[in-house]
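**Q** If you want the building blocks of each chain, they are given just below.
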Amino acid sequence: ETGVTQSPTHLIKTRGQQVTLRCSSQSGHNTVSWYQQALGQGPQFIFQYYREEENGRGNFPPRFSGLQFPNYSSELNVNALELDDSALYLCASSLAKFNYGYTFGSGTRLTVV
Amino acid sequence: AQSVSQHNHHVILSEAASLELGCNYSYGGTVNLFWYVQYPGQHLQLLLKYFSGDPLVKGIKGFEAEFIKSKFSFNLRKPSVQWSDTAEYFCAVNAEQAGTALIFGKGTTLSVSS
Chain A
1 ETGVTQSPTH LIKTRGQQVT LRCSSQSGHN TVSWYQQALG QGPQFIFQYY
51 REEENGRGNF PPRFSGLQFP NYSSELNVNA LELDDSALYL CASSLAKFNY
101 GYTFGSGTRL TVV
Chain B
114 AQSVSQHNHH VILSEAASLE LGCNYSYGGT VNLFWYVQYP GQHLQLLLKY
164 FSGDPLVKGI KGFEAEFIKS KFSFNLRKPS VQWSDTAEYF CAVNAEQAGT
214 ALIFGKGTTL SVSS
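Protein chains in written order, with our numbering: chain A, 1 to 113; chain B, 114 to 227.
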C-alpha cells in the first residue's frame, strides 16, 4: 500500500489568488474526498469524486472546485482566496463510493495572508 | 442544526487510567459511525467503525465503542490508557440524510502523563 499522498505540504498565498492542491489516492481506490480542517475544529466535507464525477458536495461556495483524473488522483482548486480559507486541507480515498474505510493523507497546510 | 458533538475538548489522564470519550449525533435514520485518531504529526487513522450488528465494536490498540441508538451516542472507551495514546480523537458520522459526507465532531485532545 502506498497510502494517500498530498502536495504541497505547506503553502502561503495572498488574498485573491488561486491555489491548486493535489492528491494521489491509495492504490486501487476509486473514490476521493476533500475536507477542510480549520484550527481547533474537526474536518469539514468539501466534496467527493467517484470515477471522475462529483458524487456529493458540502456547504462550500462554487469557488471551491475539484477534478478527479482517470488514474483516480485528484485536485482541489480554490479561487479568489479569502483569509478564512487558511486551514489544513485533507484528502481521503476509499475503495468504493459507499465504502467508508477512508485512508487520509497528511494534508496541505494553506495560509492566506 | 444536525451535528456531531464531542463533550470533552481536552482530557488529561495518568497512565493506566480508564478512558471514556463521549460522542452524540443528531441524525435520525440509518447512520454509520466512526472514531478516528490523529497522533502528533501524523495523519488521521481509523480506530474503529460501526455499520450494523453488535453495538459494541472493538478497534485497534485496545479501543472499543458502544452504539446506543436510543441515546444517539457512540462513546469511545479504553480500560487502561498508555502514554502513546496521547492524540486527538474525532468522532464521525455518515447519515443517509447527509449523503456521502462524513460529519466530524470538533475533536477531543487526550493527554496521558507517564
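FYI, nobody ran anything at the bench for these hints, they're computed from the structure.
Glycine is no exception: its CB is placed at the ideal position from the N, C-alpha and C atoms.
One should not assume that every hint holds.
Claimed, not checked - Simulated restraints, written as ranges between beta carbons of each label pair:
#	chain 1	residue 1	chain 2	residue 2	range
1	A	A80	B	G166	43 to 49 Å
2	B	D167	A	R109	27 to 33 Å
3	A	G16	B	R190	44 to 50 Å
4	B	G141	A	N77	32 to 38 Å
5	B	T222	A	R109	26 to 32 Å
6	A	S7	B	K174	45 to 51 Å
7	B	K219	A	H10	36 to 42 Å
8	B	E177	A	G101	35 to 41 Å
9	A	T5	B	K219	24 to 30 Å
10	A	V113	B	S118	30 to 36 Å
11	B	S224	A	R63	25 to 31 Å
12	B	K171	A	E52	33 to 39 Å
13	A	R51	B	E209	39 to 45 Å
As the list claims (entries may be wrong) - Far from chain B, by Cβ distances over 10 Å, these chain A residues were calculated:
#	residue
14	T14
15	E52
16	S106
**Q** Hint by hint, say whether it matches the structure.
**A** Right, here's what the structure says about each hint:
1. A80(A) with G166(B): 43 to 49 Å: With Cβ atoms ~47 Å apart, the hint holds.
2. D167(B) with R109(A): 27 to 33 Å: violated (39 Å)
3. G16(A) with R190(B): 44 to 50 Å: Holds: the Cβ-Cβ distance is about 48 Å, inside 44 to 50 Å.
4. G141(B) with N77(A): 32 to 38 Å: Holds, at about 35 Å.
5. T222(B) with R109(A): 26 to 32 Å: At roughly 19 Å between Cβ atoms, R109(A) and T222(B) fall outside 26 to 32 Å, so the hint is violated.
6. S7(A) with K174(B): 45 to 51 Å: Cβ of S7(A) to Cβ of K174(B): about 30 Å, so the range 45 to 51 Å is violated.
7. K219(B) with H10(A): 36 to 42 Å: violated (23 Å)
8. E177(B) with G101(A): 35 to 41 Å: violated (18 Å)
9. T5(A) with K219(B): 24 to 30 Å: Holds, at about 27 Å.
10. V113(A) with S118(B): 30 to 36 Å: Since the Cβ atoms of V113(A) and S118(B) sit about 33 Å apart, the hinted range of 30 to 36 Å holds.
11. S224(B) with R63(A): 25 to 31 Å: With a Cβ separation near 38 Å, S224(B) and R63(A) fall outside 25 to 31 Å, so the hint is violated.
12. K171(B) with E52(A): 33 to 39 Å: 37 Å Cβ-Cβ, so the 33 to 39 Å window holds.
13. R51(A) with E209(B): 39 to 45 Å: violated (22 Å)
14. T14: holds (28 Å)
15. E52: Its Cβ never comes within 10 Å of chain B, the nearest being 15 Å, so this holds.
16. S106: Contrary to the label, S106(A) does not stay out of reach of chain B, its closest Cβ about 4 Å off (not over 10 Å).
The structure is inconsistent with the numbered hints 2, 5, 6, 7, 8, 11, 13 and 16, although it conforms to all the rest.
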